[in-house]
Amino acid sequence: MTTTERRARKGTWARAGGTACAALALWLLAPAATRAQVRMTVPPQAEPMALQGATIHTVTSGVIENGVILFENGVITAVGADLDIPEGTRVVDATGKHIYPGLIDAYSTVGIAEIGAVGVSNDINELGDFNPNVRADVAVNAESRHIGTTRSAGVLTTLTTPDGGLVSGMSSAMALEGWSWEEMSMQSAAALNVNWPNPNPRRFGGFGGFGFGQQEDPPSYEEQVQQLKSFFAEARAYRDAVAAGEEVRSDSRYLAMMPVFDEGLPVVVAADGAAQINDAVTWAQEENLRIVIRGGRDAIHVADRLVAEDIPVILTSTMAAPGRDYEGYDGAYSMPARLHAAGVRFAISGGSGSLYSNRLPFEAGVAVAFGLPEDEALRAVTINPAQFLGLDDRVGSLEPGKQATFLITTGTPLDMTSDIEQAYIQGRELDMNDIQKHFFEKYMEKVRQYMRRVIM
Amino acid sequence: MKAILGTMGLVAVLATGAGAQQATRTQPVEGMRDNGTGFHALVGARVVTGPGQVMDDATIVIRDGLIQEVGGGDAPAGARVWDLEGLTVYPGFIDAHADLGMDDVPEGGDVGPTHWNPQVRAWFSTTRNLQDDAGRRAALRSQGFGAALAVPSQGIFRGTASLVTLGDEGVRDRVLRPDIAQAIGFQRSFELGGSYPNSAMGTISLMKQTFMDADWYERAWGAYEASGRAFLPPETSEALAALEDATDGDQPVIFETGSEEEYLRAHSLASEFGLDAWYRGNGLEYRLIDVLRGRTEPLIVPLDFPDAPDVGHPGAALDASLADLRHWYLAPTSPAQLSDAGVSFAITTDGLSSLNEFLPNLRVAVARGLEADDALAALTTTPASWLGIDRTHGTIAEGKVANLIVSEGDLFAEEATVRDVWVQGRVYGVTRPAQIDPRGSWEIASDDEWGFQAVLVLEGPLNRLRGYLDIASTGPDLPGGARIDLESATAVAETGRIDVRFNGEVLGYQGMALLSGSVRGDDFFGWTSLPNGADPSFRGIRSEPFEGPARGTVAMDVPEIDLPFIRPMMDYGRTSIPEQPAAVVVRNATVWTQGAQGIIEGADLLVRAGTVEAVGMDLDAPGGAVEIDASGKHVTPGMIDPHIHSGVSAVNESGFAIVPEVRMGDVVTHNNIWMYRQAAGGLTTAHIKHGSANPIGGENVFVKMRWGLLPEDLKLENAPRTVKFALGENPKRRQGRYPDTRMGVQEIIRDHFMAARDYEREWQQWEENQEGLPPRRDLRMEAILDILNQELLISSHGYRADEFLALVRLAEEFGFRVQTLQHGVEAYKIAPELAASGVAAVVWSDWGAFKMEAYDATVYNARILIEAGVVTSLHSDNSQIASRMNWEAGKLLRTGLTPEQALSTVTNQAAEAVAIHDQVGSLEAGKDGDFVIWSGNPLSQFSRAEQTWIDGRRYFSLEEDAAMRDRIEQERTQLIQAILSVENGGQNAQMERN
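As they're listed, the protein sequences go chains E and P. Per our numbering, the first sequence starts with residue 3, numbered consecutively. Per our numbering, the second sequence starts with residue 6, numbered consecutively.
For the record, the hints were derived by calculation from the structure and aren't laboratory data. One or more of the hints may lead you astray.
[Claimed, not checked] Think about it this way: if two alpha-carbon atoms lie no more than 25 Å apart in a straight line, the pair counts; the simulated SDA-like pairs of lysine to any residue are:
(1) E:448 with P:817
(2) P:720 with P:614
(3) P:720 with E:231
(4) P:213 with P:718
(5) E:444 with P:814
(6) E:231 with E:286
(7) P:856 with P:715
(8) E:99 with P:947
(9) E:444 with P:843
(10) P:720 with P:274
(11) P:213 with P:278
(12) E:448 with P:843
(13) E:448 with E:40
(14) E:99 with E:46
(15) P:213 with P:227
(16) E:448 with P:947
(17) E:99 with E:74
(18) P:856 with E:117
(19) P:856 with E:167
(20) P:856 with E:40
(21) P:737 with P:817
(22) P:856 with E:46
(23) P:737 with E:117
(24) E:99 with E:64
(25) P:856 with P:947
(26) P:737 with E:121
(27) P:213 with P:715
(28) E:448 with P:822
(29) E:448 with P:811
(30) P:856 with E:121
(31) E:99 with E:412
[Claimed, not checked] Across the chosen pairs, the derived CB separations fall in these ranges:
(32) E:452 with P:295: 42 to 50 Å
(33) E:343 with P:488: 49 to 57 Å
(34) P:113 with E:221: 39 to 47 Å
(35) P:276 with E:122: 50 to 58 Å
(36) E:264 with P:965: 51 to 59 Å
Owing to the predicted nature of the structure, the values given are computational and were not obtained by experimental measurement. Cβ atoms here follow ideal geometry from the backbone N, Cα and C, with glycine treated the same way.
Chain E on its own, in the form it takes in the complex (with noise of 0.2 Å):
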């Protein structure tokens, strides 16, 4: 598509721009929309469907011309270019279309935060230094209003995370649809939260410039590495304890623990320096877990590690400004680029502010305009996060067995020059609308009227 010939809007209002005055009157004369809701949950997949005519983007098995996708009870059956579509099969038309599969954000905070500034309507920290039992899906709020508009930009997987402290909490992976948390949650603990303690505590800080007074000075460096520690230590023990059949008493913390000692539950460490970083992996290697680097600003000065150890990063901030002045200005949009020159394996989260999932796919594609190839860029929000994240066995990637939780575009979702025009999740195919559309409606009606006053 070039930038002069782009495709009108299908059912939206024609343009201001050169229109005709027949084309006005007829739009100010329509009727007004009349919808009654702002987002509808829709029921579960209830006939076998199969989409028809559309370019695949399987991520896993390479892009499939005029394919057919196959799904029946919310799961995939059966993707390819010539397929039988049994019978009873509901036939949809995607000919020009292009399907994906529903991109995951890896970090974020929709449906536990609402309002930034108003601290009643976020749950995200809880007190403490250590809450590795709490989880992320149980606060979710299923009527927030970021739910559609994340899911309008193509974002239907995400890992909903606490923070706070030294142990924040368990991510919880959701789906974004359902009539409550409980119907959304994939996977209640899908990771362990570790923020690593910060040598230099005014690295980093704030966006734009914009730092806020400094705070009481927290315990150092050292004491706080050694308290984490300690806290692994202890849970260690009681694990242990259990295991040699002691009558303990019942601790919640570390019962939370044990499956990152027992089940190789992913432990997500937040570091952004590089020593922050080295000191992260040293730590998990003596502790013997499977760790996720999430930040990871200087990554690269930390590159060879990485790849000896195999440890996978995800990113927060490819949007973000420049840690250091003489980085270059595209220091942030060129680090998936130089991690993945250098064999790093890495996510692209949402990470520009916890109410902004909605930007993921943005966040990938300026990527790739820095030198990451699209095909990495795409994998970067499906399939590696879902790797990283133990969600590949259900989402990440269009392939019989995996949940039909895809995309149908007319373009890359990770471009604004194309168009997010259906999506489904777990085979339900979604209501699109979001409070933004319905803003746009119901004060797109208020113009018409004024206009009508105006000329009538």
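With chain E held as given, fit chain P onto it using these hints.
Showing chain P alone in chain E's frame:
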């Protein structure tokens, strides 16, 4: 290993000067009179009588505090003779900006009719408040100073500075020249209280208003007196009265400047108000050397050189910026650079964390290129001349005041010791000479049956003795032939004792061994304290004296690194301004004109002398034009952001709710890395806004991203004047300050609109009948009148529809139009009203929900506004986002806007929203030559800016960026290596000490 030379206590007068004269003193003598002769002859010294003038083996005769004679003759009969053979005498130093700490803020604050603002203390007199600051004076004397200008330090208008002698005369005999200059600083004193100003631009506004008020005050009292006191007098203000001479240009005003920018701001203020300005510099003069070249206004520079950045481990080195590394390397060259540039400058002790750093740092400055004679002039003749005491001070000459420094060694090139300082004919001991020189080889032996024998070697300069022990004897505990380096060695000047310390391990002890001894000639009587508790005594004789200089020499030890002058002096700073070719033609691109020509594929853009000439197919270019092949590329106008906050020294003046008199244009900074990054992202013009703490904030400023220029040159020429308003949560959340509600926001704005009309009427009445007190110019009221007359366009922060509608209607009530609403998260809700009132909207693409009033955000905001016919722009309000506005515009594609409409929100509509569309925003003939060459569709997330041109000059290109990165990497590496190569780090890592 530091030696203790006898450093004297606070004040030690060895000989009195002239006795108190009988006929010219007011105070009766209590008890017995003290009348020493005050008649001295200093003989045998090398005398540096002034910069560049030396007499060897000279005699200085002092009588009654004055120098009676300097020459080669013998001491006159009757004079007390001081044998200074081997010593050097310099004229006493003069500190032109000393902090004598005499203006502490009184408890409970100042009293009396001084000034409404507690930061305005122009009435404060250092003479009237002269205190017994004996400790401070002694400390200054120990660095060679005999006179100093005592400059007050509290507040913004700080009061008058007085020239004082640094001797121990009584308080009435210390003032040489009372209250000769007003002192002003850009930093307020929190102890003084008051809420306004609390920003850099508020401070400057207060300065301007105060100079104007001082002028008015004089006229108002004049009018009152001239009328025969026919009406009530004007207010009384000691501060305004005290500023009369300074305002009239009859008294110097000393500006204390903390940065390059503050120097430039002070200079501009001084020009505006015709002040006789002096400047206290800031150590960053090397960054402004081109501006300072040849300037003759007094500039007084400190010597507080920075410590080296921490590069001790890879993580720390990673964090060292080029700006900090360069500052460490270049700051000590400032004095030398000033001297080379012909700047009239003096050197001050002010700014040092300890006065003891003064002479060592002075030597660093000399080692880094300052000629010793120029250093001496900057401490003597230059300040003497400015301070009006060159008849009596600054050199050693007949008839001058006897202010002298007696030094062991060359003060400027060696670790010289100040022996005595003479002030007005009185001598003040600073350091007692060492009674012994213990250096050499000592054969020592214990007196007991232990049989310890060794050679103790002491060497190095006297003030930093070092040495070792060679064990001579062999026995059970005595490893003959072993050498033990001393941990420390010190000589006690007054008693002729030496103390050394060494590790006892070689001798088989766990711990330190102490050895102490008295030296008499070449004999040594010593005793020890060993780690095993034994304390054998020793005897020794000197077998060999030590041949070597008594003092350490000082030389530059940092490697020579070629650091070109760059501006700003930081990462990505430029060595020169990009040139402006006579013509530039960009060929065969997809050109988004954002004007009537629309988007043209395969077109050319011609820019001539910085201005767009044409866009079209196959344009003829003038000969010599710079040709750029842009096949496959897109070209757009330079982008415009109507709302950023980077590039200024402060953002909010929140001291009052209404502050339109403060100007962001007064506080633009060029040391702003974001400017480079924003240019790299295709931004060429920005509107830097005052913050949102006030219903009526300050005046905003437009800049272009001319990275590499000074603040004044960044400003967009012929730009309209705009003022910040703020509605909603921000202006009402400041505790204890009206307003607290949106209702109050509306009312306080209205009240000030009415106040300005009253002000206008009072002026008109006075101009008609000239009766009563003359009115004063009030910058705040004048700014509000400009708002009402639509000469100062409103650019209002706000979120909700209700508050915007209220402001639009209030303006209409007063008969004018609001230019633009900014942020406007709910602007879409009043789109028809805005269109009807001709108010432009400046909004975000998809920001919202970060606070309550931003909850109803929608990405369709711009779409609805455009559909309703509102001039609609995007903005960032964020430094990083301002560096990628094309992607913000791209987000609007998904709302159904056309690409041209989407791009208009960051180009032509953005320009129109803030009324600069006659200059910038589109590629049309006559507009500024500001354009961006993109790798592809500028609205695509996959495209990037490849070149950014401003005024027909290329301010960014990928190639130049890559070259700069290489240069930065090279300089950083060199500088980090330089720090690592110098022992100990820190500023004295600038010196080699032998």
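Okay, the hints, checked on the actual structure:
Proximity of residue 448 of chain E to residue 817 of chain P is assessed by CA-CA distance (about 23 Å); at most 25 Å being required, the pair is judged to hold. Among the hinted pairs, residue 720 of chain P with residue 614 of chain P is consistent with the structure: their alpha-carbon atoms are about 19 Å apart, no more than 25 Å. A distance of roughly 55 Å separates the Cα atoms of residue 720 of chain P and residue 231 of chain E; the hinted pair therefore is violated under the 25 Å criterion. At most 25 Å may separate the alpha-carbon atoms for a hinted pair to count; residue 213 of chain P and residue 718 of chain P meet this at roughly 22 Å.
For the hint pairing residue 444 of chain E with residue 814 of chain P, the CA-to-CA distance comes to about 24 Å; that is within 25 Å, so the pair holds. Our distance criterion of 25 Å between C-alpha atoms is met by residue 231 of chain E and residue 286 of chain E, whose separation comes to about 10 Å. This hinted pair does not check out: residue 856 of chain P and residue 715 of chain P have alpha carbons roughly 37 Å apart, beyond 25 Å. At most 25 Å may separate the alpha-carbon atoms for a hinted pair to count; residue 99 of chain E and residue 947 of chain P meet this at roughly 20 Å.
Distance restraint check for residue 444 of chain E and residue 843 of chain P: the Cα-Cα separation of roughly 23 Å lies within the 25 Å cut-off, and the hinted pair is therefore satisfied. Distance hint between residue 720 of chain P and residue 274 of chain P is fulfilled; the C-alpha atoms sit about 17 Å from each other, no more than 25 Å. Of the pairs offered as hints, the one joining residue 213 of chain P and residue 278 of chain P holds, with about 8 Å between alpha carbons and a cut-off of 25 Å not exceeded. Restraint check: the Cα-Cα separation between residue 448 of chain E and residue 843 of chain P comes to about 18 Å, which is no more than 25 Å; the hinted pair holds.
Only pairs whose Cα atoms come within 25 Å are accepted, and residue 448 of chain E paired with residue 40 of chain E is accepted, the gap being roughly 18 Å. Taking the CA atoms of residue 99 of chain E and residue 46 of chain E, the gap is about 24 Å. The hint holds against a cut of 25 Å. Taken as a hint, the residue 213 of chain P and residue 227 of chain P pair is honoured in the structure, with Cα atoms around 22 Å apart against an allowance of 25 Å. Proximity of residue 448 of chain E to residue 947 of chain P is assessed by CA-CA distance (about 36 Å); at most 25 Å being required, the pair is judged violated.
Annotation: proposed proximity of residue 99 of chain E to residue 74 of chain E holds, straight-line Cα distance about 21 Å (limit 25 Å). For the hint linking residue 856 of chain P to residue 117 of chain E, the alpha-carbon distance of about 5 Å falls within 25 Å, and the restraint holds. With a CA separation close to 24 Å, the supplied pair residue 856 of chain P and residue 167 of chain E stays within the 25 Å bound. Restraint check for residue 856 of chain P and residue 40 of chain E: the C-alpha separation of about 21 Å stays at or below 25 Å, so the hint holds.
At roughly 23 Å between alpha-carbon atoms, residue 737 of chain P and residue 817 of chain P fall within 25 Å of each other, so this suggested pair holds. With a C-alpha separation of about 35 Å, the suggested pairing of residue 856 of chain P with residue 46 of chain E is violated against the 25 Å cut-off. Taken as a hint, the residue 737 of chain P and residue 117 of chain E pair is honoured in the structure, with Cα atoms around 19 Å apart against an allowance of 25 Å. Distance check on the hinted pair: residue 99 of chain E and residue 64 of chain E sit about 16 Å apart at the alpha-carbon level, within 25 Å; holds.
For the proposed pair residue 856 of chain P and residue 947 of chain P, the alpha carbon gap of about 31 Å is over 25 Å, so the pair is violated. For a cut-off of 25 Å, the pair hint linking residue 737 of chain P to residue 121 of chain E stands: about 19 Å separates their Cα positions. Using a Cα cut-off of 25 Å, the hinted pair residue 213 of chain P and residue 715 of chain P holds, with the two alpha carbons roughly 22 Å apart. Using a Cα cut-off of 25 Å, the hinted pair residue 448 of chain E and residue 822 of chain P holds, with the two alpha carbons roughly 23 Å apart.
The hinted pair formed by residue 448 of chain E and residue 811 of chain P meets the criterion: a straight-line CA distance of about 19 Å does not exceed 25 Å. With a CA separation close to 10 Å, the supplied pair residue 856 of chain P and residue 121 of chain E stays within the 25 Å bound. A hinted pair counts as satisfied when its Cα atoms are at most 25 Å apart, and residue 99 of chain E with residue 412 of chain E qualifies at roughly 5 Å. With their beta carbons about 58 Å apart, residue 452 of chain E and residue 295 of chain P fall outside the hinted range of 42 to 50 Å.
Look at residue 343 of chain E against residue 488 of chain P: about 55 Å separates their beta carbons, and that is inside 49 to 57 Å. Checked against the hint of 39 to 47 Å, the C-beta distance between residue 113 of chain P and residue 221 of chain E comes to roughly 40 Å, which is consistent with it. Taken as a hint, the range 50 to 58 Å holds for the pair residue 276 of chain P and residue 122 of chain E, whose Cβ atoms sit roughly 54 Å apart. Distance hint check for residue 264 of chain E and residue 965 of chain P: the Cβ-Cβ separation is about 56 Å, which falls inside the suggested range of 51 to 59 Å.
Hints 3, 7, 16, 22, 25 and 32 from the list above are not met by this structure, while the remaining hints are.
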